[in-house]
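A.B. asks: Listed below are the residues making up each chain.
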Amino acid sequence: MASVTYKNVVKKFGDLTIIKNLNIAVEDKEFLVLVGPSGCGKTTALRLLAGLEEISDGEIVIGDRVVNDVAPKDRDIAMVFQSYALYPHLSVYDNMAFGLKLRKTPKDEIQRRVNQAAEILGITDLLQRKPRQLSGGQRQRVAVGRAIVREPKVFLFDEPLSNLDAKLRVQMRAEISKLHQRLQTTFIYVTHDQTEAMTMATRIAVINKGNLQQLDTPQNLYDSPNNLFVAGFIGSPAMNFFPAKLVKSGEKILVDAGDFKVKIPDSHSAPYKSMDGRSIIFGIRPENIHDAEFAPQNIHGEKVSAKVDVTELMGNETLIYLVSGRNTFVGRVDPRSKLRVNDSTQVVFDMDKFHIFDASAEEAIR
Amino acid sequence: MEISKPSSRKVQWRKISLPYFYLLPAFLIMGVITFYPLIYQVIISFTNFDTKHLLLGLNSPELEFIGFKNYVDIFTAALPVENFNFFRVLEFNFWWALSNVILHVPAGVLIATLLNTEGLWLKRIYRAAYILPVVIPPLVVATIWTNIFDERYGAMNQLLANISTYFGQAGPIYIRWFEDVKPPIPGFLPGAPLTLAYYAMMIANFWLGWPFMSVVATGALQSIPRDLYEAASIDGATGSQQFWNITVPLLRPAMIPAAVYGFTISFNLFNFVFFMTGGGPARSTELLVTFAYNLVRNLRWYGVAAAFAVIIFAVAMIVFLITNRITRATQNYSEA
Numbered sequence: 015m016a017s018v019t020y021k022n023v024v025k026k027f028g029d030l031t032i033i034k035n036l037n038i039a040v041e042d043k044e045f046l047v048l049v050g051p052s053g054c055g056k057t058t059a060l061r062l063l064a065g066l067e068e069i070s071d072g073e074i075v076i077g078d079r080v081v082n083d084v085a086p087k088d089r090d091i092a093m094v095f096q097s098y099a100l101y102p103h104l105s106v107y108d109n110m111a112f113g114l115k116l117r118k119t120p121k122d123e124i125q126r127r128v129n130q131a132a133e134i135l136g137i138t139d140l141l142q143r144k145p146r147q148l149s150g151g152q153r154q155r156v157a158v159g160r161a162i163v164r165e166p167k168v169f170l171f172d173e174p175l176s177n178l179d180a181k182l183r184v185q186m187r188a189e190i191s192k193l194h195q196r197l198q199t200t201f202i203y204v205t206h207d208q209t210e211a212m213t214m215a216t217r218i219a220v221i222n223k224g225n226l227q228q229l230d231t232p233q234n235l236y237d238s239p240n241n242l243f244v245a246g247f248i249g250s251p252a253m254n255f256f257p258a259k260l261v262k263s264g265e266k267i268l269v270d271a272g273d274f275k276v277k278i279p280d281s282h283s284a285p286y287k288s289m290d291g292r293s294i295i296f297g298i299r300p301e302n303i304h305d306a307e308f309a310p311q312n313i314h315g316e317k318v319s320a321k322v323d324v325t326e327l328m329g330n331e332t333l334i335y336l337v338s339g340r341n342t343f344v345g346r347v348d349p350r351s352k353l354r355v356n357d358s359t360q361v362v363f364d365m366d367k368f369h370i371f372d373a374s375a376e377e378a379i380r
Numbered sequence: 005m006e007i008s009k010p011s012s013r014k015v016q017w018r019k020i021s022l023p024y025f026y027l028l029p030a031f032l033i034m035g036v037i038t039f040y041p042l043i044y045q046v047i048i049s050f051t052n053f054d055t056k057h058l059l060l061g062l063n064s065p066e067l068e069f070i071g072f073k074n075y076v077d078i079f080t081a082a083l084p085v086e087n088f089n090f091f092r093v094l095e096f097n098f099w100w101a102l103s104n105v106i107l108h109v110p111a112g113v114l115i116a117t118l119l120n121t122e123g124l125w126l127k128r129i130y131r132a133a134y135i136l137p138v139v140i141p142p143l144v145v146a147t148i149w150t151n152i153f154d155e156r157y158g159a160m161n162q163l164l165a166n167i168s169t170y171f172g173q174a175g176p177i178y179i180r181w182f183e184d185v186k187p188p189i190p191g192f193l194p195g196a197p198l199t200l201a202y203y204a205m206m207i208a209n210f211w212l213g214w215p216f217m218s219v220v221a222t223g224a225l226q227s228i229p230r231d232l233y234e235a236a237s238i239d240g241a242t243g244s245q246q247f248w249n250i251t252v253p254l255l256r257p258a259m260i261p262a263a264v265y266g267f268t269i270s271f272n273l274f275n276f277v278f279f280m281t282g283g284g285p286a287r288s289t290e291l292l293v294t295f296a297y298n299l300v301r302n303l304r305w306y307g308v309a310a311a312f313a314v315i316i317f318a319v320a321m322i323v324f325l326i327t328n329r330i331t332r333a334t335q336n337y338s339e340a
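From first to last, the protein sequence lines are chains A and B. Using the working numbering, read the first sequence as starting at 15 and increasing by one per residue. Using the working numbering, read the second sequence as starting at 5 and increasing by one per residue.
In isolation and in its complexed conformation, chain A is listed as follows:
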C-alpha cells in the first residue's frame, strides 16, 4: 500500500517528447485510471512507473521513496500486461509462483498464496494447465493472479481488457473493481476506453499528447470538463460541439451558432455577461437534447429546428442524428419518440446543462 507521485516527469525518445511535464499524485488505495487516445503517452507513463523505461527528467515517488534509479523488481509493484505476457512453457501454477520463487519465498508460503489467489479468481482447477490451453478470459485471470500473489504496494494494469470480447470485458471490469475493494491497494490502470475509466476509477487522469488534461472523479469529469478535449473524450456518444458567438440582447445572453440561437438562462449567465461578441464553442451532451414531445417540463428548454438524418433504436433510448444548417449533432431521446428519417422537427436543448469553451484556447468558460 502506497501513494504514487509523478513530479514534473518528462519522457523523450530521441527528439520525440512523449510525456511533457506530468504531475499526478495518486493517493494510497486509490484506483486511478489513465485514459486517452492511442499514442497519448499513457502507457509510457505506466511503463515509467514500472521501471521498464527510464525517465528523462523529473521524479517518480512510490510511498516515500524516489524510484527513478530503482530496478523494476525492487519497486514493489506488479503489472498486468495487455498481452498478458504469460510464460508459455510454465503451468498456470508456475506462472503465478515464478516471482515468489525468484524471491526465495518458502515453498509452503508460495503454495498458500497461489492457492488463495487462484480461489479469488476462480482458476483453481486450471493450475496445472499451460497458457495455450486457456481461453482469453482465463489467461487474463492468470495474469491478474500472477500480480496478486506478489502482494505488491501498487498494481499496474496496461489495457488488460482490450483483447477480450465485449461481454467478457464487462464481466472482468466488475471483477477488477471487486478485486480493488478486496485488496485495498493502489491500482493504476491504463485504458483508451472511457467507459472502462468511468466505471472503475476512483479518479481519472485524462491524457492527450503527453499532457495531463484533467484529473478528477469520473462524475466531475463528466459534468464539468476543463477543456474541449476532455469534454469530447469522456461520454459516449460524444458531446455535440457548435462553433458559435456569445451575443448580448438586452439583459439576455444568447449563443448564436448561425443556424440557431439559444438563450442562456439567467441563473447561468453571470460568467458571460461581459463577453459580448466572443467566439466560443458551445457544447451539449446528447442526453440533454430532447424530442419536443417528451421533453421534461421543469427545464430551461430552448427549441432548435433540425432535420432527422439517421435514427438508431437502442431499446431503452433512441439516438437521433440531426442536421441543422451546417451543424450535425446527436440527441439521445425518449424511445417513444416518433421522429423518423427526413422529418423536420424542433428538438429541445436543456439549457441547464450546457458547456461553453473558448474558441481558441479551448478551455472551459464558467
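FYI, nobody ran anything at the bench for these hints, they're computed from the structure. This one's a predicted model, so the numbers in the text were calculated from it and none came from an experiment. Some hints could be false.
Pairs of lysine-lysine, DSBU-like flavour, derived with a Cα cap of 35 Å [as the list claims (entries may be wrong)]:
no.: 1; chain 1: B; residue 1: Lys127; chain 2: A; residue 2: Lys26
no.: 2; chain 1: A; residue 1: Lys275; chain 2: A; residue 2: Lys317
no.: 3; chain 1: A; residue 1: Lys223; chain 2: B; residue 2: Lys127
no.: 4; chain 1: A; residue 1: Lys34; chain 2: B; residue 2: Lys127
no.: 5; chain 1: A; residue 1: Lys21; chain 2: A; residue 2: Lys115
no.: 6; chain 1: A; residue 1: Lys223; chain 2: A; residue 2: Lys181
no.: 7; chain 1: B; residue 1: Lys186; chain 2: A; residue 2: Lys87
no.: 8; chain 1: A; residue 1: Lys259; chain 2: A; residue 2: Lys115
no.: 9; chain 1: A; residue 1: Lys192; chain 2: A; residue 2: Lys118
no.: 10; chain 1: A; residue 1: Lys223; chain 2: A; residue 2: Lys266
no.: 11; chain 1: A; residue 1: Lys34; chain 2: A; residue 2: Lys275
no.: 12; chain 1: A; residue 1: Lys34; chain 2: A; residue 2: Lys87
Given the coordinates of chain A, work out where chain B should sit on it, guided by the hints.
C.D. replies: Frame of chain A, contents of chain B only:
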C-alpha cells in the same frame, strides 16, 4: 449436358493417366541413377567383387557369391586393413557428431543472445560476418585449417609458442597435430582413443559449425515477445535468470531440430574430415563414410565397400528414426 459414353470413358482415362505421363521422365531418371545402383550395390555386397570384375560386372565368370562373408569380415575386423575396427570407428563417429553438437548449440545460442542485445552497434555486420564460414567451400576451409595446424609453420603452434614465451618458456613449439597417435587425454573415450587430430578437427569444425546454430537461434530469439522479459524483470528476474528461465526454454523448440540436423551433418561430414586428416593418424579420426571411400578408392574392394555402405545405410536409418522421434517430440509452445 449430354456426353456419349465412350467419350466420357476416354476423358476419364486421360484424367487418370496424365499425371503418370508427366511423372514418367522423373521415374525413368530416378530408376537409372538411383534405384538401379542401389539394388546393384546390395547385390555385390554379397560377392567378392573387385577390379577384375569391373568389365563384365555381374556377368563375370569368376564372380563368386560369398553370402555374408563381407559383413562378417567387417564386424569381426577380419579385413586385411591396418588399424581397422568397425565398432571403434562407429563409436568415434557417434562421439564426433555428438561432441560437435554439444559445443555448437550452446555457443550459437550464447552468441546469438549477445548479438541480440538492444542498441548494439553494427549488429548487421556481425551477423553477416558469422555467416561467412558457411558459404566458404569445405575444401578451402579444410586447407586453411590444415595449414593453421601445420607442425612447423602453422599459426596454432606459433600462437602456443608466443603464449608459452609470455609465461617465460621461450622456444618454438612443434606439436604434430595430425601425426601424433598418443591421445592427450588418455581414456577420455573408452574404446576409441581421441588423438590430437580429433581436437584439431573439433576446433576447425567449431569455427564452421556454430554460425548455423547462431542463425537459427537469432530467428527464434526474435520471436520471443519482449513483454515476457519485462514481466520477468518486474517479477524479479536478473539478466541471467531471464536467460535461463525464458530464453533457454523458449529457444528449445527451435534448437532441438537444429541440433538434430547438426548431428546428422557432423555424422556424415565426409569432405571436411577427408581433406583435413584423411581419417588419420592410424585411422583414429576415420568416419564410417571416409572409411567406405577408402575401401573403394584405395583398396578397390567393391564387394566389401558395398557391404560397408549397406551397414552405413542401416546406421543412418537408425539415427534418422531416433532423431526424427526427438524432433517430433519437441513440442512447440506457440498458441495453437
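A.B. asks: Which hints, by number, does the structure contradict?
C.D. replies: Numbers 7, 8, 10 and 11 - these are the hints that the structure violates, sorted from lowest upward.
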